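Protein sequence lines correspond, in order, to chains A and B.
Numbered by the numbering used here, the letters in the first sequence go through residues 260 to 896 in order.
Numbered by the numbering used here, the letters in the second sequence go through residues 20 to 599 in order.
For the record, the hints were derived by calculation from the structure and aren't laboratory data.
Every value quoted in this text rests on a predicted model; they were computed, and no experiment measured them.
Just to be clear, a hint being listed does not mean it is correct.
Think about it this way: if two alpha-carbon atoms lie no more than 27 Å apart in a straight line, the pair counts; the simulated BS3-like pairs of lysine-lysine are [what the hints assert, rightly or not]:
1. A:Lys-498 to A:Lys-473
2. A:Lys-882 to B:Lys-530
3. A:Lys-486 to B:Lys-510
4. B:Lys-110 to A:Lys-462
5. B:Lys-110 to A:Lys-503
6. B:Lys-95 to A:Lys-455
7. B:Lys-26 to A:Lys-755
8. B:Lys-32 to A:Lys-503
9. B:Lys-251 to B:Lys-237
10. A:Lys-285 to B:Lys-237
11. A:Lys-285 to A:Lys-273
12. A:Lys-856 to B:Lys-526
13. B:Lys-438 to B:Lys-360
14. B:Lys-32 to A:Lys-498
15. A:Lys-604 to B:Lys-220
16. A:Lys-466 to B:Lys-95
17. A:Lys-755 to B:Lys-240
18. A:Lys-285 to B:Lys-240
19. A:Lys-755 to B:Lys-220
20. B:Lys-95 to A:Lys-473
21. A:Lys-378 to B:Lys-220
22. A:Lys-498 to B:Lys-438
23. A:Lys-856 to A:Lys-725
24. A:Lys-498 to B:Lys-26
25. B:Lys-421 to A:Lys-486
26. B:Lys-220 to A:Lys-670
27. A:Lys-378 to B:Lys-206
28. B:Lys-110 to A:Lys-486
29. A:Lys-503 to A:Lys-277
30. B:Lys-220 to A:Lys-469
31. A:Lys-503 to B:Lys-526
32. B:Lys-203 to B:Lys-237
33. B:Lys-533 to A:Lys-882
Some chain A residues well away from chain B (every beta-carbon gap over 10 Å; in silico) [as the list claims (entries may be wrong)]:
34. Ala-425
35. Asn-720
36. Ala-765
37. Arg-834
38. Ala-838
Where a beta carbon is used, it is the ideal one built from N, C-alpha and C, also for glycine.
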Amino acid sequence: MSDMKTEKAPKVGKGTVKRLIKTIFKGYPVRASIAAVCVLINAVVSATPSIYMQKVIALVESAYKTGNWDMIARDVTITVSILAATYVISVISSFTFYRLIAVITQGTLKNLRCEMFAKMETFPLSFFDRNSDGDIMSRYTNDVDTLRELISECIPQIMISGIVVATLIGVMLYFSVWLTLVVIVSVVIMLLVTRKIGGLSAKHFIKQRKTIGKAEGFVEEMMHGQKVIKVFCHEEAAKEDFDKINEELFRDTERANSYGNVLAPVLNNIGNVLYVVLAFVSGIFLVTNAPNLSFSGLAFSISVAVPFLNMAKQFAGNINRVSNQITSVVMGLAGADRIFELIDKEPEYDGGYVTLVNAKIGEDGELTETSEHTGIWAWKHPHSAENTVTYERLMGDVRLFNVDFEYVEGKPVLHDISLYAKPGQKVAFVGATGAGKTTITNLLNRFYDIADGKIRYDGININKIKKPDLRRSMGIVLQDTNLFTGTVLENIRYGKLDATDEECIAAARLTGADEFIERLPEGYNTFITGGGASLSQGQRQLISIARAAVANPPVMILDEATSSIDTRTEAIVQRGMDALMKGRTVFVIAHRLSTVKNADVIIVLDHGRIIERGSHDQLIEMKGQYYSLYTGAFELE
Amino acid sequence: MFRKLIKCLREYKKYAILTPIAVGLEVVLECIIPFITADLVNNIENGCDLSVIVKYGLILVAMAVASLAFGAVAGKTCSVATAGFAKNLRKDIFYRVQDFSFENIDKFSTSSLVTRLTTDVQFVSMAFSLLIRVAVRSPFMLVFAFTMAFMMGGKMAWIFVFLVPFLGAGLFLIIRIVMPIFKKVFKKYDALNESVQENVKAIRVVKSFVREDYEQEKFEKASEDVRADFTKAERILAFNNPLMQVCLHINMIFVMTFGSYLVVSTTGAALRVAQLSALLTYSFMILNSLMMISMIFVMLTISIESCRRCAEVLSEESTIVSPENGAKDIADGSIDFDGVKFRYPGNNKVFALGGIDLHIDSGATVGIIGSTGSSKTTLIQLICRLYDATEGTVRVGGKDVKDYDLETLRNGVAVVLQKNILFSGTIRENLRWGDPNATDEEIEEAARLACADEFINQFPEGYDTYIEQGGVNVSGGQKQRLCIARALLKKPKILILDDSTSAVDTKTDAKIRKAMREYIPATTKLIIAQRTASVEDADIIIVMDGGRIDAAGSHDELMKTNDIYRDIYISQNKAGASDE
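Please model the entire structure based on the sequences and the hints provided.
Below is the structure:
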């Protein structure tokens, strides 16, 4: 089903990190730079107190045997004052940083979200047909959420810890090279442990996410079919199936969390052991008066040992904090990867250059372009060879010549389709599921591009027509009505954004939708949610017909609803459709005999080929497939 | 509410109890370690023997190992307890839903049940994990580190008495301001995601009306709105960390000045250098646990709503339960309605069925016709107790339906629902829903009766063809025929088809009815239809109107006497008649 591998292993290229940082800086160059500087200051400052501590302790050491505080009071005060000053800087930079990162994170997420959406709107229909809704949606929900954590928590934490650790190593070397070596050895151990346990945890988290998806799919299916389950007394079997998936989910969740939970105490206590080892080593140094090697030239003393021990603790703490982010980092980067993957997809290919313009007819019968709304439309056809522009009046004449098409290579669904619809004619497609009816309509408005053959619209090859202009000239009413959250009026206006209220109401009246709309609690201002869940299928259909009517295109593609609506509503919907069809070229995927009979041409499709064509009377006379269909030997759908 | 949820622990109770204990021990060790290291440093300072250092070192390493062990145990038991709790909670909710009657299902709606089983359970289990681990650890550490600080630092520790309320009040204030903003923005965020979903679903409409830019603008506006609110909330949260830092810094400066004064002025009697660093460690522990507590508070607040929603399902009692020692045998397929009135639960004042008296002979074929809202479906749903009649009695085989064992009744009365569903799985698996033990021959026989065998055999994989979720890879008419076959496999005494052939062509429709008449003559057949053609040949046709039986009789009788029936018939046959 999905061609965007949801289950890809946590293999994320370095490119993703780079690109993510680039994205952040592109959106907020100044703020992100300031934030980076703030982090730097904050991290460096928070690593330095040990130096001051060493100074103070050294002072205390020198004085405490005598018990004379006044002797060192001044020096201590000065040292502490300097420390206090650096603290003020640190707090200010930290505060600035957190304020900025809030803005940057949310802004970057918004930019990515909007970029994804904008990009998505340009994708060809094949993208939506090939990817499940849930998969597309998870990019906006799960992936964006994990990315938020990555930007606002993980990246700053890693930056801070990285800088703190680097600074600490500097300060440590300043104090004692030997002790620093001890610390570095333990860090290597910690990193190895993190890689092992953290890696396992991340692996299981990704597996768990897959299982969650599976469990959700199952639950959704069961809940939707709950009434059927009841009717068939299938509860026990459902429970059994559920238990299986539930158990699997339990195992994956438990494992993922176990590794994650165990990592922290393990690292924490490696830190403790490090502390002990350091104390031990410094004890040896102190007792044996071993020579110290340090960048500062300080001799080894208790005033070196105590701050060093504190630093070791801080050091371990930072490594621990970074390690705890590992799962979030892996998942966040995987999310970023999927988001970028979507953004990088090729948009729908257009390649058209013929546009649709308002036109007026001069006295000599010549078409000329105009900016005003005349109700007359023309195709503006620039010819680059002669550098001229010609105008062709929009009539709605559609012809297909030997069209072949396949969705998937090697599996043709349409063979050698030729047909024509003169302006104002009605063409009905009839045939079984999979015969290719919907495919033909998909080709007319270039949802898909044909593999071979030609489609001409008012004599122009549709590949030359700009897609937006082509689609604007064709209205469409689908089986799935797809209403949008908003008022009834807004939904009708969707067909023509600058339509006045009167135009919308007129369209509703024309198609017979106004009758029920006026009976709604708030009439045209009734708010629709969830695709119109509170309306009946017939009512939704009527709104979507009115929506197409307000657009008033010369060509219409209609896909009749199959689901059972009662006779009365069906009659109203039918009248609405009939009103809409009047005076237009219409392609209709027919599910009702009444529609078929009124058609100028009926095309009977079977496995992607036209097997019969003609008017109702002609086809009945032929006594072929259509005849047996009409007499009830086949289903229309 | 919480008691209801906690009951789901069951076999994982021991893990749930073990976790806080292990966490507690871990915390104790964590707090003692700095205390002992301070002692060790003191000894070093005094120039002790190496053997003393070795002794201390061994004690400390042993403690670290013990702390690691407790920590690891806590981590493991916590995840087992949490995952187990989530598993049982999900299971209980799912099982409970299985016991729901239609009324219960209507009350909750499908999508809300899905959310409860997925997102809500996840939130509840996350809160649970916090509760048994972090919510134990943080307060415990706070108290213990506090005590240790006092034991060691004496007067010095009074600084915490000042800092803790300061930080606490600051955190509390931040939460108070931020929570309402978050609550509001999460709703907007959901709405934003819903709009994406709407767009993905309606992409054909968007593209064919060339509304890409318009949609993009709409989306941009909505996501800008979400961004602004989130930023506002997070900018307030940005006070958290600096506040914590201020406290740590104040403490550091205090310890350095006042501490060194204390050390020097008492020549190490009141406080020693080594203890200074331990005090710093404790200050970090204390303040950090305060931060954690505030975080836990936020998380728990967020999850309370989910707890409520899960508990709501668990405490919902099914409105229809099988009677004890219910009858396990249905005599025949006769049906009686005795003064039956029915009102849908809730605030409905209107009776959906107002006084139905009806007798149907066993083996009869009954057509039911009437406009939308005339309660055709309601009527038949009472027969197999999908709902219970508000007044009056419904009898099957001469016995009140409430006296039957529920499973017996529903197996004896097969309903093909109007909104029918096939499940993901092969055709064979789907058909076996009717009878898990059906042989291949029986399955094929049922498919033949439902006129489904022709198209099944055309599929390359026949009965092993995989049906996708929601049955999207078969056409409407094919789906309906499979659903009928599935019901036939139950070999019911009464078969009810609720508008089950609407997408099937008339000829096949007639063929199915003919097959039923011939092969299962003893079965009572109730057929709800929109088309008069589907019921014309029934023994008796019931015309429903506004929750009442308007008339009942054969096609010919009704054509003569009943206006509603005649109108429907004429409206459906006019077009065809004039054209032939």
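Evaluation of the provided hints:
| no. | hint | in the structure |
| --- | --- | --- |
| 1 | A:Lys-498 to A:Lys-473 | holds (16 Å) |
| 2 | A:Lys-882 to B:Lys-530 | holds (21 Å) |
| 3 | A:Lys-486 to B:Lys-510 | holds (20 Å) |
| 4 | B:Lys-110 to A:Lys-462 | holds (26 Å) |
| 5 | B:Lys-110 to A:Lys-503 | holds (11 Å) |
| 6 | B:Lys-95 to A:Lys-455 | holds (17 Å) |
| 7 | B:Lys-26 to A:Lys-755 | violated (57 Å) |
| 8 | B:Lys-32 to A:Lys-503 | holds (22 Å) |
| 9 | B:Lys-251 to B:Lys-237 | holds (22 Å) |
| 10 | A:Lys-285 to B:Lys-237 | holds (24 Å) |
| 11 | A:Lys-285 to A:Lys-273 | holds (18 Å) |
| 12 | A:Lys-856 to B:Lys-526 | holds (19 Å) |
| 13 | B:Lys-438 to B:Lys-360 | holds (24 Å) |
| 14 | B:Lys-32 to A:Lys-498 | holds (23 Å) |
| 15 | A:Lys-604 to B:Lys-220 | holds (19 Å) |
| 16 | A:Lys-466 to B:Lys-95 | holds (18 Å) |
| 17 | A:Lys-755 to B:Lys-240 | holds (20 Å) |
| 18 | A:Lys-285 to B:Lys-240 | holds (21 Å) |
| 19 | A:Lys-755 to B:Lys-220 | holds (20 Å) |
| 20 | B:Lys-95 to A:Lys-473 | holds (25 Å) |
| 21 | A:Lys-378 to B:Lys-220 | holds (16 Å) |
| 22 | A:Lys-498 to B:Lys-438 | holds (22 Å) |
| 23 | A:Lys-856 to A:Lys-725 | violated (34 Å) |
| 24 | A:Lys-498 to B:Lys-26 | holds (19 Å) |
| 25 | B:Lys-421 to A:Lys-486 | holds (19 Å) |
| 26 | B:Lys-220 to A:Lys-670 | holds (26 Å) |
| 27 | A:Lys-378 to B:Lys-206 | holds (25 Å) |
| 28 | B:Lys-110 to A:Lys-486 | holds (19 Å) |
| 29 | A:Lys-503 to A:Lys-277 | violated (42 Å) |
| 30 | B:Lys-220 to A:Lys-469 | holds (23 Å) |
| 31 | A:Lys-503 to B:Lys-526 | violated (44 Å) |
| 32 | B:Lys-203 to B:Lys-237 | holds (20 Å) |
| 33 | B:Lys-533 to A:Lys-882 | holds (26 Å) |
| 34 | Ala-425 | holds (20 Å) |
| 35 | Asn-720 | holds (20 Å) |
| 36 | Ala-765 | holds (18 Å) |
| 37 | Arg-834 | holds (13 Å) |
| 38 | Ala-838 | holds (18 Å) |
In summary, the structure is inconsistent with hints 7, 23, 29 and 31 from the numbered list given earlier, while agreeing with the others.
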